[in-house]
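J.: Per our numbering, residue 1 is the first one in the sequence shown, and the count goes up by one each step.
Simulated from the structure, these hints should not be mistaken for lab results. There's no promise every hint is true.
Said to hold, decoys possible - Here are the simulated DSS-like pairs of lysine-lysine, each with C-alpha atoms no more than 30 Å apart in a straight line: (1) Lys260 with Lys223; (2) Lys318 with Lys295; (3) Lys381 with Lys329; (4) Lys302 with Lys329; (5) Lys266 with Lys33; (6) Lys318 with Lys248; (7) Lys260 with Lys299; (8) Lys295 with Lys438; (9) Lys438 with Lys460; (10) Lys295 with Lys183; (11) Lys298 with Lys266; (12) Lys442 with Lys457; (13) Lys438 with Lys381; (14) Lys302 with Lys334; (15) Lys227 with Lys266; (16) Lys75 with Lys33; (17) Lys356 with Lys381; (18) Lys305 with Lys457; (19) Lys370 with Lys303.
Unchecked claim - Quick list of simulated restraints, FRET-style, between CB atoms: (20) Lys86 with Asp214: 47 to 53 Å; (21) Arg410 with Lys295: 33 to 39 Å; (22) Lys206 with Thr173: 16 to 22 Å; (23) Gly454 with His331: 42 to 48 Å; (24) Glu209 with Arg410: 53 to 59 Å; (25) Thr172 with Glu210: 21 to 27 Å; (26) Ile88 with Lys2: 21 to 27 Å; (27) Pro327 with Lys86: 40 to 46 Å; (28) Ser405 with Lys206: 58 to 64 Å; (29) Gly168 with Ile188: 16 to 22 Å; (30) Asn61 with Pro327: 37 to 43 Å; (31) Gly168 with Glu471: 43 to 49 Å; (32) Arg410 with Ile188: 43 to 49 Å.
Heads up, the beta-carbon is just placed ideally off N, CA and C, and yes, glycines get one too.
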Amino acid sequence: PKIVITRDIGKKGSYYGPFTDVTAVRQTVKFLKQLFRIRTCKRMDGPCLNSQIDLCYAPCNGSISKEEYHDHIQKIDLFFQGKYNKIIKDLESEMKEAAKNQEFEKAAVIRDQISSIEEVMNKQFVELNNELDQDIIAISYTTQNAVVVVMNIRNGKIIGKDDFLMDGSQHTTSDEVISAFIKQFYGINRHIPKEILIEEEIPDDKLIEEWLSDLRGNKVSIKVPQKGNKLRLVRMAGKNADIIKNQKQKMENSMIELKKYLKLEKLPRVIEGYDISNISGKLAVGSKVSFLDGKPNKKQYKKFKMNTPGPNDFAMMKELLERRLKPLKEHYDKQRINEEHIKNNEAETERIVPLKLGEEPNLIVIDGGKGQLGMAVDVLKEYNLTHIPIIGLAKEFEEIYIPNSSFPIRIPQENEALHLLQQVRDESHRFAVTYHRKLRSKKIEESPLDNIVGIGKKRKIELLRHFGDLEAIKKASIDEIKEVNGMNEKAATNVYDYFHNEKND
1 PKIVITRDIG KKGSYYGPFT DVTAVRQTVK FLKQLFRIRT CKRMDGPCLN SQIDLCYAPC
61 NGSISKEEYH DHIQKIDLFF QGKYNKIIKD LESEMKEAAK NQEFEKAAVI RDQISSIEEV
121 MNKQFVELNN ELDQDIIAIS YTTQNAVVVV MNIRNGKIIG KDDFLMDGSQ HTTSDEVISA
181 FIKQFYGINR HIPKEILIEE EIPDDKLIEE WLSDLRGNKV SIKVPQKGNK LRLVRMAGKN
241 ADIIKNQKQK MENSMIELKK YLKLEKLPRV IEGYDISNIS GKLAVGSKVS FLDGKPNKKQ
301 YKKFKMNTPG PNDFAMMKEL LERRLKPLKE HYDKQRINEE HIKNNEAETE RIVPLKLGEE
361 PNLIVIDGGK GQLGMAVDVL KEYNLTHIPI IGLAKEFEEI YIPNSSFPIR IPQENEALHL
421 LQQVRDESHR FAVTYHRKLR SKKIEESPLD NIVGIGKKRK IELLRHFGDL EAIKKASIDE
481 IKEVNGMNEK AATNVYDYFH NEKND
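With the sequences and hints as input, model every part of the structure.
T.: Here you go:
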């Protein structure tokens, strides 16, 4: 079963509503899909990326039993009926049972589900009070950083929620982090609410209140609530911070593990993956995907049309790396020239803008073994970018090849570090294949085959699938064309005659 927003009532399925606010319905459906990890895709050939980033239980792959999956569907049914307390009670029982059986990861997932549902309950509670104009700020720590959550309440409704990662703050007290965060957050033309609620006292709260009041134009209060509705709001923000902290901690742990296994100098916060997709060298494309802190960073995705002739994946990967790394090479070349000028007391040739987080990888992952890795290392050497770590991930046994090593590394299958590498590899493959299919579809649509009597869309696709490209079809005999799925002698003769007519050459 799946959740569908509809305006029509058919014969099958359970129906909830009608609802007047379609935006709220869409947000609720998105929330439930993420909370209970129900399937959203139509694939039948195995799990998609959603299962690898914990957004789906992958029933298509048998990763969850029919009974367990049905239980999640029942909880969604209870949610739409407004029976939140019933869901929480059931989940608490499941959490205790999981902890009793030492299934601690499962218990943690259930705990986060409970917190998310309680947040929805609290949100509905907040909307009853239509005079609130507040920001609620809470903090939670990972092993490396602090996560700060800001909830915005305007006219009694939660209109937004943002989370921020405070790098290098694991050794700073929470009151110092919150104090520094408030100064930075409200100092960049943001709306300043009448009241800011925080979890604990900060040392310079009176000075900050005066500063914020000046910016707003009237009184701003910073409060630490001790009871009542405001305390509930702060606790809700705190639970949000804990949920996000747990998610980030999981990603952080995978990066820490990866750093250990690959003996990297830096935490691989930015990982780039590359892949090639083509059919016998035709319509060849390349992809670059980027993961930031363990999650896809789609702003840094890029696709390439390859110029390398013929079916040569090795040479295409070399071209792909060269084209991607060329801007980095040029950046560092300019930087070196400027440094030389400064050293010689000369003026800088031009101002070099520092690279932003995500623009340079801490790790490059290519699909392949020693051969592909050796080629990639040569590109890095040629471009003076050998400070960027690179590995090859071979599909067959998930072996990891690193430069200057004769033997591959094998990370245990259940390890989060390997899962992260697999996500990068699979996402780069998906992105390349999707682009290739798009170009193929466009090519099919523009085909001269459309001019042939008896050749419709299905036969056109089958012809191109069978022969690979138009040139091969032109060279084929009538008997060879007849072998194509869906073709008969008349259609095959029409194709042959069309391409052997001098007017159509």
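J.: Output the indices of the hints that this structure fails to meet, ascending.
T.: 1, 5, 6, 13, 15, 21, 23, 27, 31
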